[in-house]
Every structure is written in structure tokens, then in C-alpha cells.
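Using the sequences provided together with the hints, build the complete structure.
In order, the protein sequences belong to chains A and B. For the numbering used here, add 82 to where a residue sits in the first sequence, where the first one is 1. For the numbering used here, add 703 to where a residue sits in the second sequence, where the first one is 1.
To be clear, the hints were calculated from the coordinates, so they are not data collected in a lab. Be aware that one or more of the hints could be misleading.
[Said to hold, decoys possible] Derived DEER-like restraints, expressed as beta-carbon distance ranges: (1) Glu144/A / Ala889/B: 33 to 39 Å; (2) Glu764/B / Ala182/A: 50 to 56 Å; (3) Ala955/B / Glu144/A: 49 to 55 Å; (4) Ser826/B / Ser121/A: 50 to 56 Å; (5) Trp766/B / Glu144/A: 35 to 41 Å.
As the structure is a prediction and not an experimental result, all values here were calculated from the model. C-beta: ideal position from N, C-alpha, C; glycine also.
Listed here are the chains, written in short residue letters.
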Amino acid sequence: MNLGEFEFFVLSASMRLGDEAYGASVRREIEDATGRPCSIGALYTTIDRLEGKGLVQTRMGESTPLRGGRPKRMIRVTAAGRRGAAAFYQAVQRVTDGVAWVTK
Amino acid sequence: MRQIDRLCWWLADAMSGALDRDERAAVLGDLAESAVPARRAAREMLGLVLRRQVSLWAHIEPWLALVTLAVPSGIALAHLGKFWADGSAAYLWMYATGAGPQGLRQTVWQGAPDLTVLVLWLSLNAVTLAGWAWLAGAAARSMAGGAMLLVAPAFLAVLVLGTAGTVSVGRFSGSATVVYGAVVPALLRVCLVVLPLLAGLIHGGVVPLRRTHVVMVLAIGLLELRGLASLQVALSPLVGRGHWATRLGLAAIMIWPAVYLLFRPAVEGRYSMAAMREP
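As C-alpha cells, then:
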């Protein structure tokens, strides 16, 4: 299963967050890790794409006052998602093996 | 909160209406939880809505709704609506001014004005136009789904611009020129075409399942065909007259919304005896 960079980020953030993975938390996780803004448009279309590939499953979760009483879209990474993310990470490791990144 | 922030949040909320219900709730909740600035919220909502629209237009249904419903039905409704609205206004003017037998010779009365015939003729035209416009809107909504955000404005644009450059059939004198030549036809077109079409586009997405719906759609579909001759006359400058293929094409344009609304649930296996039973 081919993954894109952003798909890998979403899968990794969702894995790290576990039961607390939902739109806003995944977005925070990606922004904190990459230092780049993560748009809701990119995030939600990517989640849909991953769901279409069978790499994540989503369901509507509970609502909180902080969210104005609106529900969360909870994300769970499937076994196929874990395998796909692992394969992507191993490919990155292989292709960067021995590369010196630090420049003067 | 500043006015501009209020406006941006209002825009974000309004744009979120284009998303499906669950996604709308989740995204608005995420924006509230993240406490993003109002401008960024509006920008991000716009980005998501645009992405969703682009992905919807990657499927064939919105294009079919545009090509088989919005454009042909829009042009046909525009011309038939104008033809009947102008004609109705002319007949009303003739009746109101007590036109003599000479002037009425070419009208539906063939002689002395008869209010019953006039009312019946106007009513049938009104029901035909309003029914067709509603069906066309409902079918477009059903076919295009979430892509209605673009299909609906396109349909309305075709409807409004479809008769651009054509001239009115009525010849009035004095103040009647404004009232019967412009105001009455415009009101009739808005009430009998634009409003029913909007109602269909907004509320008509639910395909008919119950017996009353099926009977209603069939009745409107059949009623439309009585307007075929008028439509052919109205569109004669564009498509010519008399050829059987033209007549067949126009009939197909007229009844396609009804056919689609009736057969889509059948194709999808959604008709059942239980669903057809009345509540």
C-alpha cells in the first residue's frame, strides 16, 4: 500500500494518540511535530482517503463543552494501517541509510 | 468580539452547511476546541469545502445533473415560462380591456371572452410549469448530491439567461406596457418557475418512495407533455419546428426529471411493498 508523506503523519499521530485520536488532537500533534500549519481541509480529506484504503476507521465520539457541544470524529488505525505505516518508515530508513544530512 | 471576527465565524458556519451533518459537527467542534483565529477558521473551512467539491466533481453524477438536467431543463423552462407568462399577460390584458372578437380571433376563446376557459388555461399552465420546475430541481438535487453547491447556481443561471435577447410576444399600449408587458410576466415566471425550482433544489433531494409521491410524479410527468406543443413553438427560433426528432428530444427533456425520480429508487432496489404503503 503506497502512502504519501502526510498520510504517514496522520497515521503516526493517530497511533501515538491511541484512543484520544480525533481531528483536533491529530492536527495539534502534527503541527507540534513538524512546526508547520496543518489545515483542516488537508487533514479531513486525508482521513477520508485513509479510511477508503482501509488504513483507519472513524466513528463519531462524545461531545464536550470545550467543543461547543459538538462530537469528535474519532480515528483508529487498523492492522493494515499499521503495516502500511511500518513499510513507509522502513523505506525511509533504507533510502536515507548512510546519508549525511548535516551541512556546513 | 470584533465585527470582522463575527463575520468570519458566520462565514465559516455558513460554508460548513455544504458538508454532511457529521463532518460539519466534527469540524466546527475541532475549530472551537483549537481556538483558531476567526480568519483562519473561515479560510480553513473554505479550503475543506473546496476540496470536498473538487472530489465530488471527480464523479459522473454532478456532470450528468449539469448536462442532462440543469442545462436542457433550464433552457426549456426559461423559454416555456416566458412564452406562457407573456401569453397569459396578453390574454389577461385583452380580457381586462374587453378586446373585441377581432382581437380575440387568434386566442383560445375563438370569439367572445370566456372567463372559465381563461382561468382553466392559466391554471393548467401554472400547474404544469410549477410541477415541472419542482421535478427538475428535485431530480437535479437527487442526482448531484453534495455538488448542488455549484449545480444549483448553474441551473438558476441557465434559467435566467436562457431567454436573454429574446423579445416579448405582447404588444401593449400606454401604461399597460409596463404592467402587462413586464411586471405580470416577471411575477408569473418567478412564482411558477423560479420558486418551485428553488423548492425542488432545496427540499427535493428525497426520491419518491410512497405511493402518493409516485402518483404525483407520474401526474406531473404526464401533465408536462401537454406543454410540448407550446414548448416547440417557444423554442422554434432555436430548434426549428415540425421535425419528429425535435419533438422527441423536447419530450425527453420534459419527462426526464420524472423518469429519473421514479426509476432511480427502483434501480437501487429501494422500492418495496412496505415503502409503497401509506403511513
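Cross-check of the supplied hints:
no. : hint                            : result
1   : Glu144/A / Ala889/B: 33 to 39 Å : 53 Å, violated
2   : Glu764/B / Ala182/A: 50 to 56 Å : 52 Å, holds
3   : Ala955/B / Glu144/A: 49 to 55 Å : 51 Å, holds
4   : Ser826/B / Ser121/A: 50 to 56 Å : 54 Å, holds
5   : Trp766/B / Glu144/A: 35 to 41 Å : 40 Å, holds
Taken one by one, the earlier hints fail for this structure only at number 1.
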